[in-house]
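J.: Since the structure of chain F is already known, use the hints to place chain H on it.
Number of protein chains: 2
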Amino acid sequence: MKEIQVGLIGFGTVGSGTAQVLYEQAERIRKRTGLSIVLRRVVDIGVDTLPAHFHNVILSKDVNDIFSDPDIDIVVELIGGTTLAKTFVLQAIEHGKHVVTANKALLSEHGREIFETAAANGVEVGFEASVGGGIPLIKSLKEGLVANKIMSIMGIMNGTANYILSQMTDHGTPFAEILKDAQDKGFAEADPTYDVEGIDTAHKLVILMTMAYGMNIRLEDVAIEGISRIEPIDINFAREFGYRIKLLAISRNYGDHVEARVHPTMVPETHMLASINGAYNGVQFTGDMVEDVLLYGLGAGKMPTGSAVVADIVDIARNISRGCINRVPALSYLPEHIKPRRITPMAELRCPYYFRISTLDNPGVLSTISGILGKHDISIESVIQKGRRQQGTVPIVMRTYEAGEANVQKALAEIDGLETSTDKTVMIRILTDHEE
Amino acid sequence: MKEIQVGLIGFGTVGSGTAQVLYEQAERIRKRTGLSIVLRRVVDIGVDTLPAHFHNVILSKDVNDIFSDPDIDIVVELIGGTTLAKTFVLQAIEHGKHVVTANKALLSEHGREIFETAAANGVEVGFEASVGGGIPLIKSLKEGLVANKIMSIMGIMNGTANYILSQMTDHGTPFAEILKDAQDKGFAEADPTYDVEGIDTAHKLVILMTMAYGMNIRLEDVAIEGISRIEPIDINFAREFGYRIKLLAISRNYGDHVEARVHPTMVPETHMLASINGAYNGVQFTGDMVEDVLLYGLGAGKMPTGSAVVADIVDIARNISRGCINRVPALSYLPEHIKPRRITPMAELRCPYYFRISTLDNPGVLSTISGILGKHDISIESVIQKGRRQQGTVPIVMRTYEAGEANVQKALAEIDGLETSTDKTVMIRILTDHEE
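As you go down the protein sequences, you meet chains F and H in turn. Mapping the first sequence onto the numbering used here, position 360 (from 1) lands on 365, and the numbers just tick up by one. Mapping the second sequence onto the numbering used here, position 81 (from 1) lands on 86, and the numbers just tick up by one.
I should point out that these hints are in silico values taken from the structure, not numbers from a laboratory. Bear in mind that the values here come from a model prediction, so they are computed numbers and not experimental data. Wrong hints could be hidden among the right ones.
If several chains are the same, the list does not tell them apart, and a pair holds so long as it fits within one copy or across any two.
What the hints assert, rightly or not - Calculated pairs, SDA-like style, for lysine to any residue (alpha carbon to alpha carbon, straight line, at most 20 Å):
{"id": "1", "residue 1": "Lys429", "residue 2": "Ser41"}
{"id": "2", "residue 1": "Lys36", "residue 2": "Lys147"}
{"id": "3", "residue 1": "Lys147", "residue 2": "Ser157"}
{"id": "4", "residue 1": "Lys344", "residue 2": "Asp74"}
{"id": "5", "residue 1": "Lys147", "residue 2": "Ile389"}
{"id": "6", "residue 1": "Lys415", "residue 2": "Thr349"}
{"id": "7", "residue 1": "Lys185", "residue 2": "Ala125"}
{"id": "8", "residue 1": "Lys380", "residue 2": "Glu118"}
{"id": "9", "residue 1": "Lys7", "residue 2": "Cys329"}
{"id": "10", "residue 1": "Lys147", "residue 2": "Asn324"}
{"id": "11", "residue 1": "Lys380", "residue 2": "Gln414"}
{"id": "12", "residue 1": "Lys154", "residue 2": "Gly39"}
{"id": "13", "residue 1": "Lys415", "residue 2": "Glu353"}
{"id": "14", "residue 1": "Lys147", "residue 2": "Phe120"}
{"id": "15", "residue 1": "Lys190", "residue 2": "Phe120"}
{"id": "16", "residue 1": "Lys344", "residue 2": "Asp261"}
{"id": "17", "residue 1": "Lys190", "residue 2": "Asp175"}
{"id": "18", "residue 1": "Lys307", "residue 2": "Asp293"}
Extracted from the complex, chain F is given alone in its bound form:
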């Protein structure tokens, strides 16, 4: 039986999970592929011993032990970050090793260089685990939906942010309190910025857009807003209007230009994305032929992410053994068909909006605010003014009809500049039916 040997860099959560999946599923993989996939080496500067059942695995602290081992076919990078990880991935490729990684930051920031280097060296780079943990999102996009122009991508791609919003929804607990609790329990990072400010989600959107549309896109092209300004009161108002608040990545394909945005969004409660709670992720692709397809599962975690890493290893192992490396192009389109495209500026967006305006409860305030909105072509669909007064301040909550983002920004700047305004207005974009 042909043997494929794997070298693993990084024995942290996902690294040790990947090793465990390879170990526990070895026989199943043999029965499915006719191949023996063997973890040969692990490199991790912080690890001195491996669990006993890995007695055939060579542990060391020097990545060159992997690169210079001619028996190793596939190098798995699971250290995270974008500096050392980049160096190691490029070195592995230059040594003629195939690479599997779960590193979304690395790919969204340096993907172009990595994929070009891989092409030049005739090796594959697998990255199923970089988006949506164990969910087979990338394979579905590249192969299952191959006969579709992807019209839109909409997804919940960060489990920490979704967990926080779900807890706020279920228990009315404030953002900071849930975040602290999640950090104490160890499933939110000590520095939660990437998760709650939407950056991690944007990394993943960049990866999906590249493949969905066959385009070059950089992280800087994505408009990003996080969830740290959302309060339980917004979640309650959302519910009254029939919505759930989710941190969504949204990209719609207009042919000559495409959207790329990450922000809290009010999702109609009948939409499948509204039902995705806790640490789960879900991504909806809309194809011109297939219409809506949604994939759902755990977006992180040791074993689910390990499952996706090993799926990539198996995919590459099949290609090695059958002599069909790069059978499916890494980025879905052949390199010569990957082109830049114009990113729609946020100012061109049109959708309905939710505003929570904090104002002194003075006579005439609502009339002043309505006047400003009207001047900027923003029509109010409904208004709620009922929250209890807090230190003389009252929230005015509005849902608008479809309006232009540029106008909204101008109007809110004016409103927030009023003498009666006591805090920056909370603005949340609303997903409409024609966006679904």
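T.: Positioned in the frame of chain F, the structure of chain H alone reads:
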């Protein structure tokens, strides 16, 4: 550029959709694969002309025109049924053609013979479109979840049945009325038996189980109940208890034995499957590594199904051009590892139950019924007795704790045999948390 030629048998809804997808997506497929995939021939005894844009396609009424054309690499069977379709598929294989089909009845009834013949002839059989329309379920199961023991399959796999149940839920309209309306509108078959009695769902479950577990299974092994006895009143009671009623295919893997059942099920309203409405399908696979993964989309329709058929065509075309036919085994496991397994008899099932007992409103009836249930070790969790009396009859509605199916069947036979009972009891199994 390498050209792959396709022969299509059957130019009905899915056949013409497949032709259309190939036509509209030809350039996209070239940009993604470097291959030109060309529809060369169509055979359909009922079609005399093709739309004008298919002017390069040769139309005829004799399947041998396809089989004997040496330029044709892939034959697509889309006539449905299990007699002519079987003959044509086997003939295509024996002529050395790869086959793509959406025919779940054919595969669930004659799959073994077809896959063995294909293996003997060194050709592939693609069948992504046979389950879940355009959803890339089969590729996800065979490749994306390759590193998982599949612990369970739970799915809504028939759009007609799900549409009827959704309409009953939203509008309280009786089953027969919605069915008639759906037939009038052309999206339920004139003979709806396969759809509403669960047979179509069972066909699909057979296909998924074969691949998920690496086992032989026949349609006769599946316990099947349809939805025709469900009434709006049951849907209302379900809602009171916090459930939605769905026609589910359920299979759990206990290692030495596996479940195979299709029946109406009360699904907790917080479960993702409860949110799948209308003509949509969704299947949840639970893997030992990845945990729950759910895929959702349109389970039928001309273009969505065409999208899946063309995904299979592209997959095979890539394998032809790269010389790696059967890179992934047709049934996920290598043929020598596909084994029979014991199917759990329904009598061994344990779950909570919903009963709607129709009885005369006589004194002592509830006590008699409770006595029968108690004798059979069935504990009542809650009881509702409030429906208006109809011709002296009153419904007694109960939810039980977990009970044994064999006992339930015996108890219901006794209850239905009481002089006070006016109709057969409606029994619906309840999905519990540990089943999720």
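J.: Broken hints, numbered, in rising order?
T.: 1, 4, 5, 7, 8, 15
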